[in-house]
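*Asks:* Build out the structure end to end from the sequences listed, making use of the hints.
Protein sequence lines, in the order shown, are assigned to chains A and B. Numbering-wise (this note's numbering), the first sequence opens with residue 6 and increments by one. Numbering-wise (this note's numbering), the second sequence opens with residue 3 and increments by one.
Some clues are possibly wrong.
[Stated by the list, open to error] Restricting the straight-line Cα-Cα distance to at most 25 Å, the calculated cross-link-like pairs of lysine to aspartate or glutamate (DMTMM-like) are:
id, chain 1, residue 1, chain 2, residue 2
1, A, Lys194, B, Asp32
2, B, Lys325, A, Glu422
3, B, Lys69, A, Glu90
4, A, Lys126, B, Glu52
5, A, Lys87, B, Glu10
6, A, Lys310, B, Asp419
7, A, Lys434, B, Asp9
8, A, Lys434, B, Glu19
9, B, Lys287, A, Glu90
10, A, Lys481, B, Asp129
11, A, Lys434, B, Glu14
12, A, Lys87, B, Glu50
The hints are simulated quantities; they were obtained by calculation from the structure and are not laboratory data. This one's a predicted model, so the numbers in the text were calculated from it and none came from an experiment.
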Amino acid sequence: MTYQQARWDEPPVWELGTAAANEALPAIAGLPERLRRKVAIRWPELSELEVVRHYTRLSQMNFGIDTGTYPLGSCTMKYNPKVTELLARRAGAANVHPYQPEATVQGSLEVLWRLERILSKITGLPEVSLQPAAGAHGEYAAMLMVRAYFRDQGELAERTEVLLPDTAHGTNPASAAMAGFTTREIRDKDGSVDLEELRRAVSKKTACFMLTNPNTAGLFESEILEIAEAVHSVGAMLYYDGANLNAILGVTHPGRMGFDVAHLNLHKTFSTPHGGGGPGAGVLAAGEKLGPYLPVPRIVKEGRKFRFDYDRPKTIGKLKTAYGNFGLDLRAYAYILSHGEEGLKHVARRAVLNSNYVAARLGKYLPRPFRPLVKHEFVLSGAPLKERGVRTLDLAKRLLDEGVHAPTVYFPALVEESLMVELPETESKRELDGYVAAFERAITDTPEHLHAAPRSTSVSRVDEVRATREPLLSWKDLRASGPKAETP
Amino acid sequence: MPRWIPDEPGEEAALLEALGISSTDELFADVPKRARIGRMGVGPGRDEPEVVAEVDRLLERNRPLSKFSSFLGGRIASRYSPAAVDAIVSRSEFYTAYTPYQAEASQGMLRTLFEFQSLWVEMTGLDVANASLYDGATAAGEALLFCRRLHEGHRFLVPASLPWEERSVLANYASGPGLQVETIPYDDRTGRLDLEFVRQATARKDVFGVLADVPNGFGHVDEGVPELKSILGDVPLVVVADPLSLSVLEAPGNYGADVVVGEGQGFGISPSFGGPLLGLFACRKEHVRSAPGRIVGATLDADGRRAYALTLVTREQHIRRSKATSNICTNESLMALAFVVYATSVGPRGLARLQASLAEKARTLASGLGTIDGLKAPRFDAPYLADFTIEIARGTVDEFLDRLRRRKILGGHSLKDPRPEVPSEAERILVGIPEMTSEKDITKYVRAAQAAIGAVGRSA
Numbered sequence: 006m007t008y009q010q011a012r013w014d015e016p017p018v019w020e021l022g023t024a025a026a027n028e029a030l031p032a033i034a035g036l037p038e039r040l041r042r043k044v045a046i047r048w049p050e051l052s053e054l055e056v057v058r059h060y061t062r063l064s065q066m067n068f069g070i071d072t073g074t075y076p077l078g079s080c081t082m083k084y085n086p087k088v089t090e091l092l093a094r095r096a097g098a099a100n101v102h103p104y105q106p107e108a109t110v111q112g113s114l115e116v117l118w119r120l121e122r123i124l125s126k127i128t129g130l131p132e133v134s135l136q137p138a139a140g141a142h143g144e145y146a147a148m149l150m151v152r153a154y155f156r157d158q159g160e161l162a163e164r165t166e167v168l169l170p171d172t173a174h175g176t177n178p179a180s181a182a183m184a185g186f187t188t189r190e191i192r193d194k195d196g197s198v199d200l201e202e203l204r205r206a207v208s209k210k211t212a213c214f215m216l217t218n219p220n221t222a223g224l225f226e227s228e229i230l231e232i233a234e235a236v237h238s239v240g241a242m243l244y245y246d247g248a249n250l251n252a253i254l255g256v257t258h259p260g261r262m263g264f265d266v267a268h269l270n271l272h273k274t275f276s277t278p279h280g281g282g283g284p285g286a287g288v289l290a291a292g293e294k295l296g297p298y299l300p301v302p303r304i305v306k307e308g309r310k311f312r313f314d315y316d317r318p319k320t321i322g323k324l325k326t327a328y329g330n331f332g333l334d335l336r337a338y339a340y341i342l343s344h345g346e347e348g349l350k351h352v353a354r355r356a357v358l359n360s361n362y363v364a365a366r367l368g369k370y371l372p373r374p375f376r377p378l379v380k381h382e383f384v385l386s387g388a389p390l391k392e393r394g395v396r397t398l399d400l401a402k403r404l405l406d407e408g409v410h411a412p413t414v415y416f417p418a419l420v421e422e423s424l425m426v427e428l429p430e431t432e433s434k435r436e437l438d439g440y441v442a443a444f445e446r447a448i449t450d451t452p453e454h455l456h457a458a459p460r461s462t463s464v465s466r467v468d469e470v471r472a473t474r475e476p477l478l479s480w481k482d483l484r485a486s487g488p489k490a491e492t493p
Numbered sequence: 003m004p005r006w007i008p009d010e011p012g013e014e015a016a017l018l019e020a021l022g023i024s025s026t027d028e029l030f031a032d033v034p035k036r037a038r039i040g041r042m043g044v045g046p047g048r049d050e051p052e053v054v055a056e057v058d059r060l061l062e063r064n065r066p067l068s069k070f071s072s073f074l075g076g077r078i079a080s081r082y083s084p085a086a087v088d089a090i091v092s093r094s095e096f097y098t099a100y101t102p103y104q105a106e107a108s109q110g111m112l113r114t115l116f117e118f119q120s121l122w123v124e125m126t127g128l129d130v131a132n133a134s135l136y137d138g139a140t141a142a143g144e145a146l147l148f149c150r151r152l153h154e155g156h157r158f159l160v161p162a163s164l165p166w167e168e169r170s171v172l173a174n175y176a177s178g179p180g181l182q183v184e185t186i187p188y189d190d191r192t193g194r195l196d197l198e199f200v201r202q203a204t205a206r207k208d209v210f211g212v213l214a215d216v217p218n219g220f221g222h223v224d225e226g227v228p229e230l231k232s233i234l235g236d237v238p239l240v241v242v243a244d245p246l247s248l249s250v251l252e253a254p255g256n257y258g259a260d261v262v263v264g265e266g267q268g269f270g271i272s273p274s275f276g277g278p279l280l281g282l283f284a285c286r287k288e289h290v291r292s293a294p295g296r297i298v299g300a301t302l303d304a305d306g307r308r309a310y311a312l313t314l315v316t317r318e319q320h321i322r323r324s325k326a327t328s329n330i331c332t333n334e335s336l337m338a339l340a341f342v343v344y345a346t347s348v349g350p351r352g353l354a355r356l357q358a359s360l361a362e363k364a365r366t367l368a369s370g371l372g373t374i375d376g377l378k379a380p381r382f383d384a385p386y387l388a389d390f391t392i393e394i395a396r397g398t399v400d401e402f403l404d405r406l407r408r409r410k411i412l413g414g415h416s417l418k419d420p421r422p423e424v425p426s427e428a429e430r431i432l433v434g435i436p437e438m439t440s441e442k443d444i445t446k447y448v449r450a451a452q453a454a455i456g457a458v459g460r461s462a
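*Replies:* Right, here's the structure in full:
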């Protein structure tokens, strides 16, 4: 193997310098003594170069898409175009305050309005809001909208249940529960929704069925129209989790499939960077029934002018301060503008082609539990590794030594020792072949090496059990734990 | 068209051939005909220079803050961020990474988040911070649900002066589990919370939490907030704190706060028309298993070296599903990086000096505006740092701000709830001091405010 991540022996920032402990804080007139800070914030006083070096070294101990192939299933780790970074930093984008008068922010309003219109076409749903900060935030908002809708219908007392397939992302049941619904999971049949099971499960108690399509097993739910019919037959709503929209751009859309409301992740399908965990940007798109419940403000165009509209009597109100993650919205807009209709269709086709190609090749090493034709991602089972005393986790860690990121592991839970692999459209055949070769080297390595992996990252296998058993969650805890844990 | 999808001669053909198919159409054979669409209607693709030109054309229709003398304040700040902050945030090892599930390959972000957590712990006087939430308002919403896990009851008390957006977000968070958000009235002269109201409300034993903000929605520092915990007893106290103010204000953990949340945008994050922002959350260690969001913990690697990992994950949605403490998955990690790099670049002394200088300018502005007939500035008789509230006696806030805008002054923002179904409120404006505001800007504002009020008086 040729990969070696940086391995700086870099102390925590508070060990790099000393805090100004006994210095008097500047006096502020009129401040009551009870509320005056007695001890200055204990944090080191460093030079700018020291700060820059410290965080540059930390960055070198982090793996990103720009470092290597990042086949993390359900996360759509595609290239984050540099031009979108440039545009988001323009003064006209970054140095604009959300509480400026409308007349001075017509550009921002137009960007948001245009993006909403385009996403309406892409989703096939007429009404769009960009307010959610992330996908799960959008799911939650959608569940609040469903709740408000049934309240207005006088049915909230009986519509208490949200159904979801057992392949659903964890955020789905969590969002539904936060919105006050009970949740029930529908068992799958060969990785897809079991239509008969769903028909038996729906009733007047059902408020909503939450579905990801293609689903987290990478399979397109081919019975989607029948699913929509079953859900609508009892008066319930059908919700689209847009995490996997990348695979079907221009082929189908939530509106045509019969969904009433959808969320999208701009940080997946529309290439905005994941930021090491965030920020994301969520999108809410709704049909006629749920559209009036979208958060305020909405953006309206009157003549050539754009303005905020707060006059939506059925709205659920606000989801967060201001209007959404504008910096990400702008990046997504530039991305869509670049690709255009044909480019977006090509995105889906190439992403699906890439994943099917790698699925076919990796199928030689590990079993694929479901039908072979997948969309943007596929699932493997690492169960046979157990015969050699190896687990999926070991394989994932060994892959890191190859200079590629590990797949998503142990999800979906319905597959034993699962690995979920997604290779977006931005990976070339050369990179795909390199990934397959890396996978082969990793899986054919000795159990000893697999257990000892990774060796090329900035630290070796991290003891996550210890982290949970003896939680050390800040520098206070580290100090209290004494020098023994600090330097073993 | 951009070169974002690889297109080497023969490349796609080779992939198709390996799969034994002749067209990518075959890969979509499982999408039923009736579910297919024709054109989306997105328009043709463009080359990079065309995209840059088009986006720049749109952005030119904005007038950024630099074109004005700005006095916009509140939770979203417009401060100078040292160039070093964006240089670090722009490192693609950070910004193109996913959530650090694979700890060994992600020590850089994990260590950064651990430092960020440690800083917020130090600033708030609490024990544990999470790795960020979406923004200050949603952090308050999560704090509400957190309090309910700690304490029985169905009523949550918040100041009537809390910004309307936050009250609306809190109402949403409360609605799912059927909880109520009630407002605590304030003294008309000082804006201080009515502690007697809190005492009586909590005596009924059905209050599960109380929230107070320092500075409050009027920009003022409420001297009564440190008294709250002695009234509440074991009812959890949530304090919404402005990070910069904590450079000079007492850590809320030291006066009994059980949770401290806040908006972190002012530390190295551009206003960007309101997003991305940064939600801050800290609590006591004994409550950590009820806390929302990702948390980074320190541990060891297989060789006994210090290492970091996401921890206490059994609280989270991907493990606990409907029983999770929150649905949050994607958070604001990159913004947390900006926060800690900003604070470390400026340093604790620099932060305190900055806060003191903003407070000094705010006093100059307030005393200037205070001399104007028809304007009450500050509206409340209470201490303040960088923000305070003014009230106009003649005309409307919109008219007043519009007249200032014509003189290239952003005179603050209306405190009214803009939703038409909400009853009309007093004509109040929150005025703030952004870092770049000069003495000259302040003189200009005072003169323009005088003229604006005078003009309204004449036209009335």
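*Asks:* The structure should be examined with respect to each hint, and the outcome stated for every one.
*Replies:* Verification of the hints:
no., hint, result
1, Lys194/A - Asp32/B, "holds, 16 Å"
2, Lys325/B - Glu422/A, "holds, 23 Å"
3, Lys69/B - Glu90/A, "holds, 23 Å"
4, Lys126/A - Glu52/B, "holds, 22 Å"
5, Lys87/A - Glu10/B, "holds, 21 Å"
6, Lys310/A - Asp419/B, "holds, 23 Å"
7, Lys434/A - Asp9/B, "holds, 9 Å"
8, Lys434/A - Glu19/B, "holds, 12 Å"
9, Lys287/B - Glu90/A, "violated, 38 Å"
10, Lys481/A - Asp129/B, "holds, 7 Å"
11, Lys434/A - Glu14/B, "holds, 8 Å"
12, Lys87/A - Glu50/B, "holds, 10 Å"
In summary, the structure is inconsistent with hint 9 from the numbered list given earlier, while agreeing with all the others.
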